[in-house]
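**Student:** So the chains spell out like this:
2 protein chains.
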Amino acid sequence: MDYIKLFAPATVANVSCGFDSLGFAIDGIGDEMTFTKTPNKGAVISNITGADLTYDVDQNAAGAVVKKMLEDANADFGIELTMHKGFYPGSGLGSSAASAAGAAFGANQLLGDIYSKLELTKFAMYGEEVACGSAIADNVSAAIYGGFVLVRSYEPLEIVKLPAPSELRIVAIHPQIEIKTKDAREVLPKEILLKDAITQWANVGGLISGLYTDNYNLISNSLVDIVVEPHRKKLIPFFDDVKNAAINAGALGAGISGSGPTIFAICKGDDAAKEVFDAIELSYRDKFVDFEMFTSKIDEEGIKILHSF
Amino acid sequence: MDYIKLFAPATVANVSCGFDSLGFAIDGIGDEMTFTKTPNKGAVISNITGADLTYDVDQNAAGAVVKKMLEDANADFGIELTMHKGFYPGSGLGSSAASAAGAAFGANQLLGDIYSKLELTKFAMYGEEVACGSAIADNVSAAIYGGFVLVRSYEPLEIVKLPAPSELRIVAIHPQIEIKTKDAREVLPKEILLKDAITQWANVGGLISGLYTDNYNLISNSLVDIVVEPHRKKLIPFFDDVKNAAINAGALGAGISGSGPTIFAICKGDDAAKEVFDAIELSYRDKFVDFEMFTSKIDEEGIKILHSF
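Chains as they are written, first to last, in the numbering used here: chain B, 585 to 893; chain C, 585 to 893.
So here's chain B without its partners, still in its complex pose (with noise of 0.2 angstroms):
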């Protein structure tokens, strides 16, 4: 293979009492990235378009795996790579994750797809690292293996694949402000109340079983969060509204994706879907901050090939 023009879904991680553990792959949107075979060895960004991004390949995510994999496959051939982000960076929704998760994707097809989704999830989670500072695994994993996912172990790393009912839709609001992701760390408590901790776990378990069994009223009875939420919330104006207006609209459950500031609704099946979104935007409509807002399903897949040769 000497190109490939891929899909790289946006993600949600932290997903409700799954802090740091499940996270899942959202359908249509994301990133569109062309991975080019070049005569020069190394990694190349010729173009950004979307965001406002370096292209300095050791700076910027994507860059970044593209020449890892390069160096460590020894490959005697170099990568020219474009990106058009599909969605903004910051919003919460896994923009490094796409990028970092869709290179390690490109490229392994370049080298003759030598490397499990496990490995490229280690590739990926480089990326996160260089554009974060930590090389978290959730929305990575999440863009890799489509789907739920739950990061069951970081030493050693082991991703577990979890089914998504077919009915499960997300409803999501961006409200345009920025979340430092230092301020989103700093607000969690280094300790918690070994009684909550054994809530978030029953809930967690709760929320996998429910997973498994399209069950979801235990899907919904699960998808809280006494943990995290409760601090990070007050980053996000009118969290509490948002929240309310899409469980009384019939959400299954909302939280906060990744660090925020997206606030993502699941519900079951297209009819609740819209009358969530109906709902979160009327409550969201006279708060004087700029939103976007979508509509979506699971992404099963994961990342997409859209054309190879």
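Be aware that one or more of the hints could be misleading.
What the hints assert, rightly or not - Capping the alpha-carbon separation at 35 angstroms, the derived lysine-lysine pairs in DSBU-like fashion look like this:
#1 C/K745 - B/K701
#2 C/K745 - B/K858
#3 C/K701 - B/K766
#4 C/K669 - B/K881
#5 C/K701 - C/K881
#6 C/K706 - C/K669
#7 B/K701 - B/K774
#8 B/K764 - C/K779
#9 B/K669 - B/K706
#10 C/K764 - B/K766
#11 B/K779 - C/K652
#12 B/K745 - C/K881
#13 C/K774 - B/K774
#14 B/K745 - C/K701
#15 B/K652 - B/K818
#16 C/K589 - C/K706
#17 B/K589 - B/K858
#18 C/K652 - C/K766
#19 B/K779 - C/K852
#20 C/K774 - B/K818
#21 B/K652 - C/K881
#22 C/K888 - C/K745
#23 C/K701 - B/K852
#24 C/K774 - C/K858
#25 C/K589 - C/K652
#26 C/K621 - B/K779
#27 C/K766 - B/K779
#28 B/K774 - C/K766
#29 C/K764 - C/K706
#30 C/K817 - C/K764
#31 C/K701 - C/K589
#32 B/K858 - B/K871
#33 B/K779 - C/K888
#34 C/K779 - B/K701
#35 C/K621 - C/K881
#36 C/K779 - B/K817
#37 B/K779 - C/K625
#38 B/K817 - B/K764
#39 C/K625 - C/K589
#40 C/K589 - C/K766
Honestly, the hints are just simulated from the structure, not real lab data.
With chain B's structure known, arrange chain C on it following the hints.
**Tutor:** Only chain C this time, still in chain B's reference frame:
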């Protein structure tokens, strides 16, 4: 129905990462109980064998449950019950839970099967409260539902029955020492590190995924408790020796049953269970602590009717 004889299984609660949330029922170890309708209202315990327990229906886990259920249902008859304890109170295998769950099940049959499993669990929790001072649900729900159970929530009570892969085997050792519930509670920290809580709930997620997918590797990787076991194992002499012997002999995992002192190992298949049994026995033989051991399957069914008319 005027008479029922039943078998109420022993249970393992606090299964590894699932402290206060996950339990399972043990096949073949448990109590035999009989329940006979009497013209006189109220509950009477006419015989207890196998353990030295009170005949006072207000103090006895089984008696208290039967009395309460008769009162709640405004029954025009009474129940005389007998209990043959098949395992030791204080072993950490849910002795009072088996009595309480059996009582709830038996009384319900004589009342015409008017309560759901969830309602029976609530009645049995009342028995736990009478016997142990707190209305814990994991042992009683495992006895009533059978198999693996998740206590997803207490308020409201929600029990999720999980699948149990057919090759799972349990090996258990009961060192003949007493652990006071008070000590087992006091040794636990009130607060834990957030990062440890994350590790724990990712393991809960992995364990439950493994149960749904018959993935014994994932079950094994997830049978890790970094929150409670490090504290409570100090109360159990030579815990690490037993655990290491079990793991080295091929157990998927091992941990403390309930609040101990029984240590359980989970294995895949009969051959592994035999190896693990022998290894644990060897590890404890020279320790100058009396012990009993058993091997069992998971009891998928829960409480069983042995005879009725």
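**Student:** Find the hints from earlier in the document that the structure breaks and name them by number, from lowest to highest.
**Tutor:** Structure breaks hints 3, 4, 10, 15, 21, 24, 26 and 37.
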